[in-house]
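Visitor: The chain contents come next:
Protein chains: 2
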Amino acid sequence: MTEHKTVLKGLEGVYVTESGVSLIDTENGALYYAGYDLRELVEHSSFEEVMFLLIHKRLPLRQEFSEFRELIRRSMELEPIHIEAIHRYARIVDVLTLLVILISLKGTGRQGGDPRDVNSAVDIVAKMGSFLSTIVRIKEGGDYVPPRSDFSYAENLLNMMNGGNYEDEHVEILDDLLIIHADHGISASTFAALVAASTLSDMYSSVAAAILALKGPLHGGASEASYEQALNIGDPAKVPAWLEATLSQKKKVMGFGHRVYKIYDPRAVVLKEIIAKYLDRMDGKVRLVYEITKALEDYGQKYLAPRGIFPNLDLWTPILYRMIGLPSDTFTALFAVSRSAGWTAHILEYWRDNRLIRPLHLYVGEYPRKYIPMELRGDS
Amino acid sequence: MTEHKTVLKGLEGVYVTESGVSLIDTENGALYYAGYDLRELVEHSSFEEVMFLLIHKRLPLRQEFSEFRELIRRSMELEPIHIEAIHRYARIVDVLTLLVILISLKGTGRQGGDPRDVNSAVDIVAKMGSFLSTIVRIKEGGDYVPPRSDFSYAENLLNMMNGGNYEDEHVEILDDLLIIHADHGISASTFAALVAASTLSDMYSSVAAAILALKGPLHGGASEASYEQALNIGDPAKVPAWLEATLSQKKKVMGFGHRVYKIYDPRAVVLKEIIAKYLDRMDGKVRLVYEITKALEDYGQKYLAPRGIFPNLDLWTPILYRMIGLPSDTFTALFAVSRSAGWTAHILEYWRDNRLIRPLHLYVGEYPRKYIPMELRGDS
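Heads up: the sequence lines are chains A and B, in that order.
Numbering follows the working numbering, with no gaps: position 355 of the first sequence is 355.
Numbering follows the working numbering, with no gaps: position 90 of the second sequence is 470.
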């Protein structure tokens, strides 16, 4: 076992499982869901179909997809216990924490381990969306809006959030955003889900663990930080000076760099294409953030690309989040809603051949040490 | 990178970090906390001192320990938001889920990353104990009992749980149990905490992730299952036949086997010594469970020891849990209370040299696949 005495801190480059959910092609800058190019799915597919694809590793047939969508819509309905908890906590706890509480409530008394439990996977993704929309709605003084059976998942999210106050193009943009964030291999949050699931903790609890990992600024929190960064810069003309000062102080530039990519993040490429489509309809603060982001990309690449650091998706997402009216404290929560499709697909896949995730540590420190009674230790 | 293409499923035998919190000596069957033998600590130390030891890697001096205990006691006081949530949820959600909710509430709006944040570590362990005791108390129709400044952590737990209705020896037993479960290297729950903490998610959220992993029957749930097993057997005389039937059906015997031990679990040795001390005061159902467990150990070892499977601590803990009056649905929760000392110590230690835990997966499946529109896929 000597060859393993190396400490693999951060597990960089370490393969922890086999998976057919997604493939990140870091050489050619492409992301595939069950073999389908993300770009093609954004153009032709829907988030519901991507949910099906991630779980079943194939595209659905007409009849089964119709049943699948019906299951999603039914599962989007909230129970009184959830609506009540949202009323109680929406104004005093942050959105991700409230999602953890709401999903945990559903995990009570359950056990995990069944790789065929598609119903729980669908229930989680459906509920996550309804939770987020209802949190925003109730925080703004509104009441719970039930899901409509004639609406897509994305349209239900907007309708439940805004009670009819949204535009058709917002539905398209949200559907695209949901697809883009749906999976990305074994990210830290997905790995947290697998660690919990590997003890046969239930699927709801495993997803709650994932959200708790997504909370961190090194993971899901990056898009909110990237938005704050753009607002703080405040003016595209200030970008070059800001960037030079930030880099000379060796501070982190949000929206750049990613553990697995040493090239341009393919998700950011797709995001830029979507933004280009709606550019003429962007104005006010969103337009300003766009101009600042554009300047950040241009100047940032000049300095950072030679070091192998490229823009990632968090540089571009805030523009689209704000364009569809999402409050900035819910950016990471929308990421969680979308990624719950990937989390649940990975959990189901892992349970097909479950193995408890239980690593080791290398002990550093002296031993054995002799216990010395307090009175012989000396004072203060 | 070819040498890493092996999939290290379950991370068995993989070192993921350096740590001085505890050392598991699997060859000699010993467990050390910061170099001190568990057996010596159970005999001479207290849970509060072990908390200090795990965080600071040394025993406290008189004056600093007095301040440390004072901090623990103050931190044990509950806020109205927690008491209210316990009243609301104690009867409808399981105890671990409620602990997740209560700890998550405290994580709202926080960020992690500070290795010197001892106050949060102490607050978490203090609150976990108060949460558990108050959940039990309120479930049984009582009201919140505030912590007393003249009581130890263990005594406060019993007093807050039972409102004065406990014996001196229960305090000693509980203190021992808390010490025995305080740390055990990078167990699945500790690893879940580290994965969340590595994204710089806050300490409360990271501990919530740990509890969610502990929920699983392959990890923390084992002691409750072991107790159920003893009750189901019902009679020590039935053990040999039950064991043969169970083994011939290749079913799992609870309380036997552990990923890291191929010898007798040293914690189980300590537990047996404690049980021996109180044996003459055990009667009724606890005595029956003891007799069944004893028979399980004797016959179980005969069959399982040759295969390298030995009794673990979960075989013995239920006897002591029940002896101090803990309801069987709170066994795993008490484990969580105790282990929160280890979780927080590991988190603080990891943040000294933080590295995002972000592994890879080996993609299995075809790609690229060409998207086919629904109408060309055929029906049903």
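Among the hints, erroneous ones may be present.
[Unchecked claim] DSSO-like mimics (lysine-lysine), calculated; alpha carbons at most 27 Å apart, straight line:
hint, chain 1, residue 1, chain 2, residue 2
1, B, K437, B, K385
2, A, K370, B, K652
3, A, K250, A, K277
4, B, K642, B, K632
5, A, K272, B, K750
6, A, K5, B, K437
7, A, K5, B, K642
8, A, K5, B, K389
FYI, nobody ran anything at the bench for these hints, they're computed from the structure.
Visitor: Looking at the structure, which of the earlier hints fail to hold?
Guide: 1 and 3
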